[in-house]
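Engineer: Read off the chains here:
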Amino acid sequence: MNRFLLPVGLFGALVVVLAIGIGRAPQKSVIPSALLGKPAPQFVLPQLGVGGQFDSRSLRGRWYLLNVWGTWCAECRAEHDTLLAIQREGRVPIIGLNWKDEDGLAVQWLQELGNPYASIALDREGRVAIDWGVYGAPETFLVDAAGTVVYKHVGPLTAQVWQREFLARLPPAAAGPARDDAIGPPGAVGALPGGTPAAGPGPAAGPS
Amino acid sequence: MLPEIGHFALILALLLAAAQAFFGIAGPALGRERWYAAVGPAVTAQFVMVTAAMAVLVNAFVQNDFSVGYVAQNSNSALPVFYRIAAVWGAHEGSLVLWAWILAAWTLAVALLSRQLPARFAVRVLGVLGVVSVGFHLFTLATSNPFARLSPAAPDGRDLNPLLQDPALAAHPPMLYAGYVGFSVAFAFACAAMLEGKLDQAWARWTRPWTTVAWAFLSVGIGLGSWWAYYELGWGGYWFWDPVENASFMPWLVGTALIHSLAVTEKRGLFKSWTLLLAIVAFSLSLLGTFLVRSGVLVSVHSFAADPARGAFILAFLVLMIGGALTLYAWRAPLLKSNAGFEFTSRESFLLFNNILLVVATATVFAGTMAPLISDALGLGTLSVGTQYFNPTFLLPTLPLVALAAVGLHASWKKGRLGERRGPLLVTLALGVLLALAVIAGASGGTRVLTPVGLALGGWLMLSSLVDPVDRLRRGIRLTPAIFGMALAHAALGLFVVSVTAVESYTVERDVALGVGESAQVGRYEYRFAGLQPLEGPNYEGVRGEITVSEAGREVARLHPEKRRYWVQQSVMTEAGIDMQLTRDIFAALGEDLGRGRWSVRAQVRPMINYVWFAALLMAIGGLVAAADRRYRQPVGAREDAASPAAPGTTLPGRAG
Chain A
1 MNRFLLPVGL FGALVVVLAI GIGRAPQKSV IPSALLGKPA PQFVLPQLGV GGQFDSRSLR
61 GRWYLLNVWG TWCAECRAEH DTLLAIQREG RVPIIGLNWK DEDGLAVQWL QELGNPYASI
121 ALDREGRVAI DWGVYGAPET FLVDAAGTVV YKHVGPLTAQ VWQREFLARL PPAAAGPARD
181 DAIGPPGAVG ALPGGTPAAG PGPAAGPS
Chain B
1 MLPEIGHFAL ILALLLAAAQ AFFGIAGPAL GRERWYAAVG PAVTAQFVMV TAAMAVLVNA
61 FVQNDFSVGY VAQNSNSALP VFYRIAAVWG AHEGSLVLWA WILAAWTLAV ALLSRQLPAR
121 FAVRVLGVLG VVSVGFHLFT LATSNPFARL SPAAPDGRDL NPLLQDPALA AHPPMLYAGY
181 VGFSVAFAFA CAAMLEGKLD QAWARWTRPW TTVAWAFLSV GIGLGSWWAY YELGWGGYWF
241 WDPVENASFM PWLVGTALIH SLAVTEKRGL FKSWTLLLAI VAFSLSLLGT FLVRSGVLVS
301 VHSFAADPAR GAFILAFLVL MIGGALTLYA WRAPLLKSNA GFEFTSRESF LLFNNILLVV
361 ATATVFAGTM APLISDALGL GTLSVGTQYF NPTFLLPTLP LVALAAVGLH ASWKKGRLGE
421 RRGPLLVTLA LGVLLALAVI AGASGGTRVL TPVGLALGGW LMLSSLVDPV DRLRRGIRLT
481 PAIFGMALAH AALGLFVVSV TAVESYTVER DVALGVGESA QVGRYEYRFA GLQPLEGPNY
541 EGVRGEITVS EAGREVARLH PEKRRYWVQQ SVMTEAGIDM QLTRDIFAAL GEDLGRGRWS
601 VRAQVRPMIN YVWFAALLMA IGGLVAAADR RYRQPVGARE DAASPAAPGT TLPGRAG
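From first to last, the protein sequence lines are chains A and B.
Going by the numbering used here, the first residue of the first sequence is number 1, and it counts up by one from there.
Going by the numbering used here, the first residue of the second sequence is number 1, and it counts up by one from there.
I should point out that these hints are in silico values taken from the structure, not numbers from a laboratory.
All residues carry an ideal CB built from backbone N, CA and C; glycine is no exception.
It cannot be assumed that every hint is accurate.
Computed spacing ranges between beta-carbons, pair by pair [what the hints assert, rightly or not]:
1) B:383 x A:111: 47 to 53 Å
2) A:111 x B:55: 37 to 43 Å
3) B:170 x A:125: 29 to 35 Å
4) B:142 x A:146: 40 to 46 Å
5) A:125 x B:437: 57 to 63 Å
6) B:383 x A:37: 19 to 25 Å
7) A:171 x B:170: 51 to 57 Å
8) B:316 x A:171: 35 to 41 Å
9) B:384 x A:172: 35 to 41 Å
10) A:10 x B:316: 15 to 21 Å
11) B:153 x A:10: 48 to 54 Å
Using the sequences and the hints given, assemble the complete structure.
Structural biologist: See below:
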């Protein structure tokens with residue numbers, strides 16, 4: 001009689017392993033980044049809106065987020081509201097890496113949805129994204145004041161991810177609004193209506 | 001508007017599947033025979049609805065409707081139409097719709113072809129299939145809606161993953177899913193039998209052709225995938241023990257065991273509860289494969305976008321389906337009695353050992369696949385399990401299995417009469433050994449310890465499988481499709497073993513740096529880098545090399561390996577240049593551009609490699625031929641003679657049940 005219960009018992013053990021596996025799966029999307037704990041790659045790229053070059057060395061000495069996005073990316077639209085909320089919180093500036101995109105479309109996107117970025121570097125060829133080990137947009141990196149990559153999130157940012165993974169890693173020192181720094185107030189990108197959320201940004205679209 | 005109709009069709013399909021499940025299971029359980037009549041129409045209507053959803057999705061891809069998020073993610077206006085259609089199942093959401101559609105098609109086939117079954121039993125089978133359908137439709141609608149709109153629409157799509165831009169994408173997933181889903185039929189038959197509390201030989205006869213056809217599809221699906229990896233990934237191998245490859249291979253192994261154990265249940269009424277368990281496990285492993293691919297718990301080249309929410313949903317589904325079936329098994333299987341016996345060298349014993357070895361082989365693959373997960377769950381750190389583990393541990397049970405098959409094909413049911421077949425057995429074994437010796441003598445080096453073993457065993461099995469059909473033809477006895485199919489499939493397995501042994505032993509490979517005009521020696525062949533031209537395709541650009549290969553000064557092949565850069569995703573793909581011939585493949589892939597006109601070139605010469613896939617195809621054809629045998633379509637009760645119990649005095653106590 002008992003041997004007939006054996007399969008269901010083994011299956012139960014398997015379910016436990018799989019459930020633990022699921023619990024840990026979100027952490028796994030972090031591990032593959034070889035950059036964690038390493039210095040963030042340097043880059044100099046044209047800047048959207050204000051013109052001129054954006055030099056990543058100007059970020060030295062402060063915490064920042066690097067958000068890789070493109071107007072062709074459906075999930076980027078889904079995370080846009082979260083980015084705007086992070087910008088309003090003002091704890092850390094968001095640098096946008098506009099990846100393999102057209103400048104005109106990017107401007108249009110930001111006018112429509114609002115601009116959460118402190119600065120936007122234009123990676124038209126996708127070379128800088130390769131240095132950062134980007135697989136697909138959106139990806140968001142958290143870089144500390146020493147220029148070390150502290151965390152990487154793959155896929156759209158949500159309020160929960162922001163709370164759980166990013167805020168927990170930010171030191172109290174970075175808690176104050178970093179408005180006095182060289183990159184300027186968050187959202188001020190030249191001619192763009194910086195920091196103004198677009199009227200009624202509809203429900204986050206796209207499968208996610 | 002159309003995508004909304006597709007979405008609505010999926011919702012209707014869910015409701016219809018729920019009706020199918022409810023009336024199919026509750027009807028018999030409550031003894032309401034009038035409810036049975038609702039099941040058939042629900043099956044048909046569900047199929048129509050899923051077909052409609054599928055058609056809408058295909059249309060969205062063909063029309064470049066980038067207002068649909070899934071289309072924008074996986075297609076592009078520059079993508080050729082053929083790939084736009086195949087791209088429908090190129091990612092998670094669409095492949096679920098394909099899965100649901102194949103399931104609906106299998107269910108419809110069961111409904112149409114089960115007229116000979118007792119009504120209550122047939123309705124139960126359809127009810128269980130309905131439960132599976134409900135699970136998949138719910139999963140699609142709740143976590144993975146392929147029709148979700150993008151607002152505003154994307155100007156163009158992100159393009160299909162270049163790795164998938166290959167004709168094989170059109171066939172590999174549908175074949176694989178037809179196999180996975182096909183095992184749901186055996187699963188439903190098993191659950192229905194347990195609900196009935198009765199499992200007779202007629203049950204096994206109904207289940208057999210369905211299982212064999214599913215197995216044949218799975219064989220073709222796995223073979224295609226392996227072939228695809230060989231020429232597309234540019235690694236030059238045919239099997240990598242990748243978690244997802246294993247996920248498709250485990251149901252195949254258990255399905256193979258199931259086919260053999262069903263034969264014993266049909267012919268002799270033995271192994272009943274064991275057969276039930278295999279039917280449950282074969283489908284469970286198919287579902288587990290789905291879980292592993294889509295939940296992100298294992299890292300693999302095949303991974304779909306990892307999403308723990310999806311993982312949690314599938315896990316819940318697994319618990320309900322598999323946990324439910326296994327609980328039913330624990331409750332009902334003890335009631336099934338087998339009281340016939342068999343002698344030690346009878347066919348039953350051989351099939352018993354066949355099953356044990358196949359299950360052990362599955363267990364080794366399972367252990368290797370799950371080990372990283374278990375180690376991670378126990379907090380022991382990340383663990384990587386590779387070829388060094390899989391190759392030896394898998395061969396341990398499977399090499400004896402080949403010998404067992406060569407002998408077991410000649411065993412009779414019930415009685416140990418192998419002695420009478422000693423002649424053909426020894427002759428074919430001697431020929432197998434001769435083949436091995438001839439190959440080893442003819443080959444220049446490369447022979448390893450297992451080379452003679454593999455060649456001799458494979459050759460033996462090939463010849464041994466053909467003894468019976470040849471004998472029948474010579475004596476003018478009718479060669480039934482069942483016997484011919486069985487012989488073909490086993491001969492194909494022998495061919496498979498021989499070709500894998502040859503590939504593993506005699507492959508020559510070198511990675512060399514070549515500039516245009518330079519040459520390198522690879523085994524007996526001289527590779528000469530003749531030229532390099534720019535290349536432009538519909539959605540990519542790149543370079544195309546020309547490499548001439550000569551043997552003893554005579555040109556034998558001209559290869560055109562390519563390196564492509566796809567515009568939208570900016571990813572670089574390697575298209576290997578392969579010269580395929582009956583006896584060997586000459587292979588070249590372009591590696592890195594080393595600068596100054598020099599390239600790293602991966603050069604390989606693989607003997608017999610095409611027989612590996614040809615053998616998989618032959619196995620599948622053997623299965624299909626056997627499943628087409630007329631006796632599976634005879635009305636119930638026409639063959640009860642097979643059920644006659646063994647004569648007293650010749651029996652051993654029943655081994656299974």
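Engineer: Each hint needs a verdict: does it hold in this structure or not?
Structural biologist: Checked hints:
{"no.": "1", "hint": "B:383 x A:111: 47 to 53 Å", "in the structure": "holds, 50 Å"}
{"no.": "2", "hint": "A:111 x B:55: 37 to 43 Å", "in the structure": "holds, 38 Å"}
{"no.": "3", "hint": "B:170 x A:125: 29 to 35 Å", "in the structure": "holds, 33 Å"}
{"no.": "4", "hint": "B:142 x A:146: 40 to 46 Å", "in the structure": "holds, 44 Å"}
{"no.": "5", "hint": "A:125 x B:437: 57 to 63 Å", "in the structure": "holds, 60 Å"}
{"no.": "6", "hint": "B:383 x A:37: 19 to 25 Å", "in the structure": "holds, 22 Å"}
{"no.": "7", "hint": "A:171 x B:170: 51 to 57 Å", "in the structure": "holds, 53 Å"}
{"no.": "8", "hint": "B:316 x A:171: 35 to 41 Å", "in the structure": "holds, 39 Å"}
{"no.": "9", "hint": "B:384 x A:172: 35 to 41 Å", "in the structure": "holds, 39 Å"}
{"no.": "10", "hint": "A:10 x B:316: 15 to 21 Å", "in the structure": "holds, 19 Å"}
{"no.": "11", "hint": "B:153 x A:10: 48 to 54 Å", "in the structure": "holds, 49 Å"}
In this structure, none of the earlier numbered hints is contradicted; all agree with it.
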